[in-house]
Amino acid sequence: MNMLEVPLEIFRYKEGEPPHHDTFTVQVPETAHVIDAIDAVWAMHDRSLVFRRACHHSSCGSCSLRVNGVEMLPCITRVKDVWDGRAPLRLDPLRNFPVVSDLVVDLSSFFQRMSAAEMTITCDAESSLPLSVDDFAVSKIPSRAVELPVNLSRFNRFENCIECAICMSACPTMATDEKFFGPAALAAIFRARQKTDNPADVAHLLSLADGEHGVWRCHSAFECTAACPQAVDPAGKIMALRRELITRRFKKR
Amino acid sequence: MRSPQVLIVGAGSTGAATAHDLALRGFRVTVIERGEVASGTTGRNHCLLHSGGRYCVTDHESAIECIDENLILRKIMPDLLELNDGLFVAISESDLAFKERFLEGCATCHIPARDIPVKEVLAMEPFLNPGVLAAIQVPDGVFEPFRFCLAFLATARLHGADVRTYSEVIGFVRSTNCVTGVKVQDRRTGKSETIGADLVVNAAGPWAAEIAAKAGVRIPEVPTAGVMVALDCRLNNMVVNRLNKPSDGDIVVPQRATSVIGTTSWVVENPDLISIPPEHVARMIRQGEQLLPEVRNAPMRAKMAVARPLIARPGEDARQVSRTFECFDHASDGVNGFITIAGGKTTTARAMAERVADIVCKKLDVDTPCTTRELPLASYRLFYQ
Numbered sequence: 001m002n003m004l005e006v007p008l009e010i011f012r013y014k015e016g017e018p019p020h021h022d023t024f025t026v027q028v029p030e031t032a033h034v035i036d037a038i039d040a041v042w043a044m045h046d047r048s049l050v051f052r053r054a055c056h057h058s059s060c061g062s063c064s065l066r067v068n069g070v071e072m073l074p075c076i077t078r079v080k081d082v083w084d085g086r087a088p089l090r091l092d093p094l095r096n097f098p099v100v101s102d103l104v105v106d107l108s109s110f111f112q113r114m115s116a117a118e119m120t121i122t123c124d125a126e127s128s129l130p131l132s133v134d135d136f137a138v139s140k141i142p143s144r145a146v147e148l149p150v151n152l153s154r155f156n157r158f159e160n161c162i163e164c165a166i167c168m169s170a171c172p173t174m175a176t177d178e179k180f181f182g183p184a185a186l187a188a189i190f191r192a193r194q195k196t197d198n199p200a201d202v203a204h205l206l207s208l209a210d211g212e213h214g215v216w217r218c219h220s221a222f223e224c225t226a227a228c229p230q231a232v233d234p235a236g237k238i239m240a241l242r243r244e245l246i247t248r249r250f251k252k253r
Numbered sequence: 001m002r003s004p005q006v007l008i009v010g011a012g013s014t015g016a017a018t019a020h021d022l023a024l025r026g027f028r029v030t031v032i033e034r035g036e037v038a039s040g041t042t043g044r045n046h047c048l049l050h051s052g053g054r055y056c057v058t059d060h061e062s063a064i065e066c067i068d069e070n071l072i073l074r075k076i077m078p079d080l081l082e083l084n085d086g087l088f089v090a091i092s093e094s095d096l097a098f099k100e101r102f103l104e105g106c107a108t109c110h111i112p113a114r115d116i117p118v119k120e121v122l123a124m125e126p127f128l129n130p131g132v133l134a135a136i137q138v139p140d141g142v143f144e145p146f147r148f149c150l151a152f153l154a155t156a157r158l159h160g161a162d163v164r165t166y167s168e169v170i171g172f173v174r175s176t177n178c179v180t181g182v183k184v185q186d187r188r189t190g191k192s193e194t195i196g197a198d199l200v201v202n203a204a205g206p207w208a209a210e211i212a213a214k215a216g217v218r219i220p221e222v223p224t225a226g227v228m229v230a231l232d233c234r235l236n237n238m239v240v241n242r243l244n245k246p247s248d249g250d251i252v253v254p255q256r257a258t259s260v261i262g263t264t265s266w267v268v269e270n271p272d273l274i275s276i277p278p279e280h281v282a283r284m285i286r287q288g289e290q291l292l293p294e295v296r297n298a299p300m301r302a303k304m305a306v307a308r309p310l311i312a313r314p315g316e317d318a319r320q321v322s323r324t325f326e327c328f329d330h331a332s333d334g335v336n337g338f339i340t341i342a343g344g345k346t347t348t349a350r351a352m353a354e355r356v357a358d359i360v361c362k363k364l365d366v367d368t369p370c371t372t373r374e375l376p377l378a379s380y381r382l383f384y385q
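Chains as they are written, first to last, in our numbering: chain A, 1 to 253; chain B, 1 to 385.
Accuracy of the hints is not assured; some may be wrong.
Here are the simulated distance ranges between beta carbons [unchecked claim]:
{"#": "1", "chain 1": "B", "residue 1": "G26", "chain 2": "A", "residue 2": "T196", "range": "34 to 42 Å"}
{"#": "2", "chain 1": "A", "residue 1": "E118", "chain 2": "B", "residue 2": "R164", "range": "28 to 36 Å"}
{"#": "3", "chain 1": "A", "residue 1": "K252", "chain 2": "B", "residue 2": "P112", "range": "27 to 35 Å"}
Just so you know, the hints here were simulated from the structure itself, not pulled from any lab data.
C-beta: ideal position from N, C-alpha, C; glycine also.
Same shape as in the complex, but just chain A (with noise of 0.2 Å):
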């Protein structure tokens, strides 16, 4: 097994202390991914580093973090992918969040969003056979949908987004208006709107899109989308939202 030996400068925060940058050089295999090293400073050079993870396969959105600047998961990303071989690694926790201690921010805003964006994080009704991962896609490839069984009436999954809180690190709106409801928020927004053909619910979920810190906000800057590790492209449901705003308010009159 070839070893990479990989210098991390790794973001460090305790309360009541400077905010500064450790470095340690870690060994890893050369096909480790970043969760992977992360994991070796802690078992192996300082217990105290704090940082969060749980699946290891892009399931949970718990370990995300900035690596050289880019919000990442650390879990999918190859050191080898993202390493020059020369320059410390630097991580860094996600922008627009309080940080709790070194690579751990506090999400709590980030939940309270979601929660108001009623999305449920299962999705009824979509085989989930083809091999993308964007859902629009699904609905697009009619030649791979499956003949559903007598007993299975439907198939049904997870959403693709994860609640990672990337999107929102990621949002240069987030930078200059703290109440902006955010990308995920805002495509739960879309998912939940797809979902229902209620007239209350709809008038609801437009509602909050609609808002003064809703669709509108979002400068169009797609930065959510590029960095989206689950092609949700949360952009783009906002612009499908403010789409379908504005096609109600010609209808209206």
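For this one, chain A is given, so just place chain B on it according to the hints.
Quick look at chain B alone, frame taken from chain A:
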């Protein structure tokens, strides 16, 4: 009189479900977890909601427990499950020879099972090995271990539990022969404090032996790792299991846009840092492609390994160690007020918690029945709000 204070070490599925159960029964509950919720064994999980099919030939007790809990979880956390059923498929003649015993096992353990014609199953699962000889449908499902734990803990909090993450047990407070509290260090601040307790429940999974050692107690735990490989595409709607006795690489669990192949089994020294043997990854791919041939062409999204908390029984190899759980009352080791719960699996965490809570009640002379079978859990998002 104030209700008794119970301190739980570990916020994996066992600790989370136990906190929930005890909080509902009126105990004052504190959960101490050194990392994020589910950052240990529970988090790095197949995500399989067992139907019990996997155990219906080799271990009836486990199989029955699985199907019972499967049905309960559908009621208490309906939003946290992908419910697409599972298949047990025969690829070889030896698999086929296992079929009758499997169907008998399902009947014995009251697991619904349907023998599906090969043509029909290939229509349901186009990526299945076209050489499939038989397929049986069972009510397997998929959950998300992280949100599974968050939901239990969020509900426990609504009932008064104090859940402290990033807090590590650094020692025990003892009177002569009794644990009376725990020394805890907050890893976010470096500050330490002592928390008193009428009883401490050690639910630290493969780290349970390490925690017990801090209280001066030895438990025969064997941290046993397994490798899982997640693909960068989803090849199956339903869980696909190999129709045979449990073995390495006998399952492909789909979830969202991935399929996860699992698993292997080997004993590790240090559960904190497991190095993934490349040959185990290669074996997962080889075994997986027998079930779903496209596995060999699929890009890999992630690979992970984690230790399971298996309890050693002399003369048995790692796979034969019981999958049902063990509960140690350390009064028999001369230490009162301290119990360890180890083993088990996430699907049956609620049942395990119920039995642990019954033991806690008995020890602390509380007579309140369990209500976790019926009560739907709160939204997992409340954990962070």
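We went through each hint and held it up to the structure:
{"no.": "1", "hint": "B/G26 / A/T196: 34 to 42 Å", "in the structure": "holds (39 Å)"}
{"no.": "2", "hint": "A/E118 / B/R164: 28 to 36 Å", "in the structure": "holds (29 Å)"}
{"no.": "3", "hint": "A/K252 / B/P112: 27 to 35 Å", "in the structure": "violated (52 Å)"}
Hint 3 alone, counting from the list given before, is not met by this structure.
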